[in-house]
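A.B. asks: Could you build all of it, start to finish, from the sequences and the hints given here?
So for the sequence shown, the working numbering puts the first residue at 42; every next one is plus one.
What the hints contain is simulated information worked out from the structure, not anything from laboratory work. It is possible that part of the hints are untrue.
Stated by the list, open to error - In silico DSBU-like cross-links for lysine-lysine, where the CA-CA straight-line distance does not exceed 30 Å: (1) Lys294 x Lys277; (2) Lys273 x Lys163; (3) Lys294 x Lys273; (4) Lys104 x Lys163; (5) Lys116 x Lys104; (6) Lys163 x Lys286; (7) Lys116 x Lys163; (8) Lys163 x Lys277; (9) Lys286 x Lys116; (10) Lys277 x Lys116; (11) Lys286 x Lys273.
As the list claims (entries may be wrong) - Simulated restraints on C-beta separations: (12) Asp608 x Gly498: 26 to 32 Å; (13) Ala738 x Phe413: 23 to 29 Å; (14) Thr95 x Lys116: 38 to 44 Å; (15) Thr569 x Gly298: 52 to 58 Å; (16) Ala416 x Thr47: 42 to 48 Å; (17) Glu644 x Arg527: 43 to 49 Å; (18) Asp653 x Val393: 19 to 25 Å; (19) Gly498 x Arg356: 51 to 57 Å; (20) Glu289 x Glu314: 18 to 24 Å; (21) Glu362 x Arg720: 31 to 37 Å.
Just so you know, even glycine gets a beta-carbon here, dropped at the ideal spot from N, CA and C.
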Amino acid sequence: MADGSTRQREWRVTGMDCGSCAAKVRGAVERLPGVECVDVALMAERLRLTLDETQTPPEHIEKAVRGVGFGIAPKGARPEKPKGGFVLPDGAFADAAEAVEIDSELEEITGPTDDAPTSWWKTSKGRLVLGTGALLAAAWASRLVLPAEIAHWAFVLATLVGILPVAQRALAMTRAGMPFTIEMLMTIAAGGALIIGEPEEAALVVFLFAVGELLEGVSASKARDSIRALSKLVPKTARLEVGGKTREVAAEKLQLGQVVQVRPGDRVPCDGEVIEGTSGVDESPVTGESVPSLKEPGAEVFAGSINSEALLRVRVLRSAEDNTISRIVRLVEEAESARAPTERFIDRFSRVYMPAVVGVAVLVAIVPPLAFGLAWGEWIYRALALLLIGCPCALVISVPASIASALSTGARNGLLMKGGSVIEAAARTTHVAFDKTGTLTHGRPRVTDVSVLSGSGDDLMALAAGVESGASHPLGQAICAEAERRGVGAATATGGRALPGKGAEASIDGVTVSVGSPRLANERGALTDDLRTRVAALEAEGKTVVIVLREDVPQGLIALRDEPRADAANAIAQLRGLGISSVMLTGDNPRTAQAIAEGLGIEHRSDLMPEDKVTAIRDLRAEARVMMIGDGINDAPALAAAHVGVAMGSGTDVALETADAAILRNRVTDVPGKIRLSRATISNIRQNIAIALGLKAIFLVTTVLGITGLWIAILADTGATVLVTMNALRLLFFRPTGTPEPAGHVGLTAETRPDRAAAKT
Numbered sequence: 042m043a044d045g046s047t048r049q050r051e052w053r054v055t056g057m058d059c060g061s062c063a064a065k066v067r068g069a070v071e072r073l074p075g076v077e078c079v080d081v082a083l084m085a086e087r088l089r090l091t092l093d094e095t096q097t098p099p100e101h102i103e104k105a106v107r108g109v110g111f112g113i114a115p116k117g118a119r120p121e122k123p124k125g126g127f128v129l130p131d132g133a134f135a136d137a138a139e140a141v142e143i144d145s146e147l148e149e150i151t152g153p154t155d156d157a158p159t160s161w162w163k164t165s166k167g168r169l170v171l172g173t174g175a176l177l178a179a180a181w182a183s184r185l186v187l188p189a190e191i192a193h194w195a196f197v198l199a200t201l202v203g204i205l206p207v208a209q210r211a212l213a214m215t216r217a218g219m220p221f222t223i224e225m226l227m228t229i230a231a232g233g234a235l236i237i238g239e240p241e242e243a244a245l246v247v248f249l250f251a252v253g254e255l256l257e258g259v260s261a262s263k264a265r266d267s268i269r270a271l272s273k274l275v276p277k278t279a280r281l282e283v284g285g286k287t288r289e290v291a292a293e294k295l296q297l298g299q300v301v302q303v304r305p306g307d308r309v310p311c312d313g314e315v316i317e318g319t320s321g322v323d324e325s326p327v328t329g330e331s332v333p334s335l336k337e338p339g340a341e342v343f344a345g346s347i348n349s350e351a352l353l354r355v356r357v358l359r360s361a362e363d364n365t366i367s368r369i370v371r372l373v374e375e376a377e378s379a380r381a382p383t384e385r386f387i388d389r390f391s392r393v394y395m396p397a398v399v400g401v402a403v404l405v406a407i408v409p410p411l412a413f414g415l416a417w418g419e420w421i422y423r424a425l426a427l428l429l430i431g432c433p434c435a436l437v438i439s440v441p442a443s444i445a446s447a448l449s450t451g452a453r454n455g456l457l458m459k460g461g462s463v464i465e466a467a468a469r470t471t472h473v474a475f476d477k478t479g480t481l482t483h484g485r486p487r488v489t490d491v492s493v494l495s496g497s498g499d500d501l502m503a504l505a506a507g508v509e510s511g512a513s514h515p516l517g518q519a520i521c522a523e524a525e526r527r528g529v530g531a532a533t534a535t536g537g538r539a540l541p542g543k544g545a546e547a548s549i550d551g552v553t554v555s556v557g558s559p560r561l562a563n564e565r566g567a568l569t570d571d572l573r574t575r576v577a578a579l580e581a582e583g584k585t586v587v588i589v590l591r592e593d594v595p596q597g598l599i600a601l602r603d604e605p606r607a608d609a610a611n612a613i614a615q616l617r618g619l620g621i622s623s624v625m626l627t628g629d630n631p632r633t634a635q636a637i638a639e640g641l642g643i644e645h646r647s648d649l650m651p652e653d654k655v656t657a658i659r660d661l662r663a664e665a666r667v668m669m670i671g672d673g674i675n676d677a678p679a680l681a682a683a684h685v686g687v688a689m690g691s692g693t694d695v696a697l698e699t700a701d702a703a704i705l706r707n708r709v710t711d712v713p714g715k716i717r718l719s720r721a722t723i724s725n726i727r728q729n730i731a732i733a734l735g736l737k738a739i740f741l742v743t744t745v746l747g748i749t750g751l752w753i754a755i756l757a758d759t760g761a762t763v764l765v766t767m768n769a770l771r772l773l774f775f776r777p778t779g780t781p782e783p784a785g786h787v788g789l790t791a792e793t794r795p796d797r798a799a800a801k802t
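C.D. replies: Written as C-alpha cells, this is what we have:
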C-alpha cells in the first residue's frame, strides 16, 4: 500500500435484497476520493474496500451507504440506537422496531442481542405493505359510499403515502450519481399516473411495488439461511480442563494445546485431536457424511461434529477463527466475490439497458402524439408502464442468486468452490485428470496377500510384525496394522535393525528373522524358481512383495499395495456417463500404474515428476477443458495449471486455500457430483435469464400496444424478480450425488438425527 493511511476496511451492510441493491451500495462509495477495490457481497452482506483515510474518513463511507437507504456497521461493531428510534440521513426515519430489525440482522457479527427476531409485519417494508394496503382498501370502500370526487382524493392520498419513502430514496440515489433506479422509475410512474388522472391505478402500483419489495427481502433472507446456519454449528461454550477440573468457557476463547471434554450428545467445540476415549462421531454437519466415524486416540475431529456415544478428551489444534467451520464460512463468503463471467456481462449490460429503456419510454410518450396526433394521456400512460417493466432487477439478480444457492448446497455436501467463475469453468469440463496416491487410492499401502510356505498365516504375521514393531516405513506399519486387524500379537523381538533399501531384521527366540525385498532373499540364496514365479505374478498386479526369512529360509510372502478407494471405479464410470474423459497421472512405475488403471477403467501416464504433470495438463488444455484432482500439496503446480484445480482432503489448509475447489469427504464420486452441481447451476442461470428477459419482452410489446397497463407492469417487474429468486432457491434442494440423502442427514442445520435428539446443542 502507498502509506499507513491506506488500508482495507470492511463493513456489514443490511437491507440488500438483490443485485440492484448491491450496485447501489457500490455506486454510493466508489465515487468517493481515496476509495479503491470496492467489493460488495450480496449474500454475505459485506462491503469491503481499500480506503485512503486522509481523503475520506470511514464515517463518510457509512454516511454514503446510509444515505442511499441501507444499514451499515463496521465488522464486529454494533450501531447505536437512540431510545425510541433514530434518524437516517436524507430524512429516512426508522423507529425502535426498525432498529430491532437492523440489530437482529447484525447479530452474526456483533454477537447475540436481547431482541427477539422481528416478524415481517414489524419491519419497515412490512409496515409499508400493510399501510398502503389498508389505504387502498379504504379508498375502494369509499368509492362505494361516497361521491366520486372524494373517492378520487382517497386514492391520491394512498398513492402519496406509499410513494413518499420511495421518492426519498430515489432523490438520495440521484444525489449519489445514480438516477436510473427502480425507485426513480416508480416515483415517475406513480407521479405521472396522478397527473394524467389515474390515481386508482397509481395506488395499486405503489401497493404491488411494496409487496414485491417485501417478497424480495424474504427470498434473499431464505437464500442466506444455509450460509448463516454454518456459523451456528459450533457450540458457544466448551468444557475446558483446568487443574484437574472442568469449567465452561467461550469456545472462541480456546487456545492451542488446551484440552476440552466432549460429552455424548455434545457438539465438538474445536478442531482437535482425540487424546482419550473411543466414540462414534457424526461429521455430517461438516462433511455431509451420514455414517458416524469412529474416533480413537490420535484421530482428528472437526468443530461442529457431534459426539454420539462416549466421553472424549480432545486437544485443541486450531483456534476458533481457523477451525474447519470458520474456514468453510470464509470460503463461501469469499467465493461470492469471485463473480462469474456471465454475471459481470449482465452488470455491464444493465448499465446500458436502463438508460436505453428510459430513452425508449420518452420516445413512446412524445413521438405518437407529436408525429401522428394521438392522445397525449394514452401514450404517456404507456410510457410510464414501459418504465416499470424496464427495471433490470430480475436480470441483475439472476446469476448471483443461483451462484449463492449453489455454493450453499456445495458446502452442505462437502463440495467447496471459490465462486461463480469456478462453477462456470467446472460446468464446461471435458477432461478430468487424477493424481493416483491419496486421490484415487488411499495413499497408504495395505496388505493384500499372505502366502504361507511354512507354518500358519498367524505365525507368519507374528514374525513379520515382531521384526517391524516400531517401524517408521509405510510397509512396516502396514504389516503391523494387518497383524493387529487379525488379532495376532507381534512376536517378541530383540536387536532389530534396518537393512537400507532391502528391509529389516531382528532376533526372535534366538533366531534371526528378516523381512525384506526379493532382492534380499536373492542375495541370501533363498529366492527359488518357484518363489521367483510367485513374486513376479504378484508384482504384475502392481503389488510390492516382501519375503519373510527365518535363518535365510523362506517362511512366506506378504504382498502390499496402495489400494484404490472403494468408490473410485464408480466415479470414473459416472464421469464417462457425463461424457467426460478421465486420465490418471502418477509418478509410480508403469507396472503399478497399469494395474491400478486397468482395475478402474481409466487411461494413465506414469513415471511423472511434478513438472511432467504440469506439462501433461498443459497438453490437455490445448484441446480440452481440464479439471485436475490432487491431494493439494505435492500436486499444487498441476492444480494451478488446470482450468479447475480440486484438492482432496478433509479440511486441510491446502485444500481450502490453494485450490479452486475442495472435496471434504475424500470421496472420488464427489468429483462427478461437483460437475453435476456446476452444470445444474449453469442451467438454472440460463432459466433465470430466460425468465427475466422473456417476461420483459412480452410485456414491453403488450404495453406499447396498449394491452397491459401500470399494475400489470409492476407485477411483471417484481414478479419476475421473485420468480428468478425462487427458481435459484431450487438449487438448495439439489443432490449432487444423484441419490436421496440418508435418513437423518443434517447438512448445514443445527438438527441431528431423530435417534440422536439428545445431541442438539
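A.B. asks: Indicate, hint by hint, whether the structure satisfies it.
C.D. replies: Results for each hint:
1. Lys294 x Lys277: holds, 10 Å
2. Lys273 x Lys163: Holds, at about 25 Å.
3. Lys294 x Lys273: OK: Lys294 and Lys273 at ~16 Å, within 30 Å.
4. Lys104 x Lys163: holds, 25 Å
5. Lys116 x Lys104: holds, 16 Å
6. Lys163 x Lys286: violated, 47 Å
7. Lys116 x Lys163: holds, 26 Å
8. Lys163 x Lys277: Holds: Lys163 and Lys277 sit about 29 Å apart, inside 30 Å.
9. Lys286 x Lys116: violated, 36 Å
10. Lys277 x Lys116: holds, 19 Å
11. Lys286 x Lys273: Between Lys286 and Lys273 the Cα gap is close to 27 Å, so the pair holds against 30 Å.
12. Asp608 x Gly498: 26 to 32 Å: Roughly 29 Å apart at Cβ, these two residues keep to the hinted range, so it holds.
13. Ala738 x Phe413: 23 to 29 Å: holds, 25 Å
14. Thr95 x Lys116: 38 to 44 Å: violated, 22 Å
15. Thr569 x Gly298: 52 to 58 Å: holds, 55 Å
16. Ala416 x Thr47: 42 to 48 Å: violated, 59 Å
17. Glu644 x Arg527: 43 to 49 Å: violated, 37 Å
18. Asp653 x Val393: 19 to 25 Å: violated, 48 Å
19. Gly498 x Arg356: 51 to 57 Å: violated, 38 Å
20. Glu289 x Glu314: 18 to 24 Å: holds, 21 Å
21. Glu362 x Arg720: 31 to 37 Å: Holds, at about 34 Å.
Checked against the numbered hints listed earlier, the structure breaks hints 6, 9, 14, 16, 17, 18 and 19; every other hint is satisfied.
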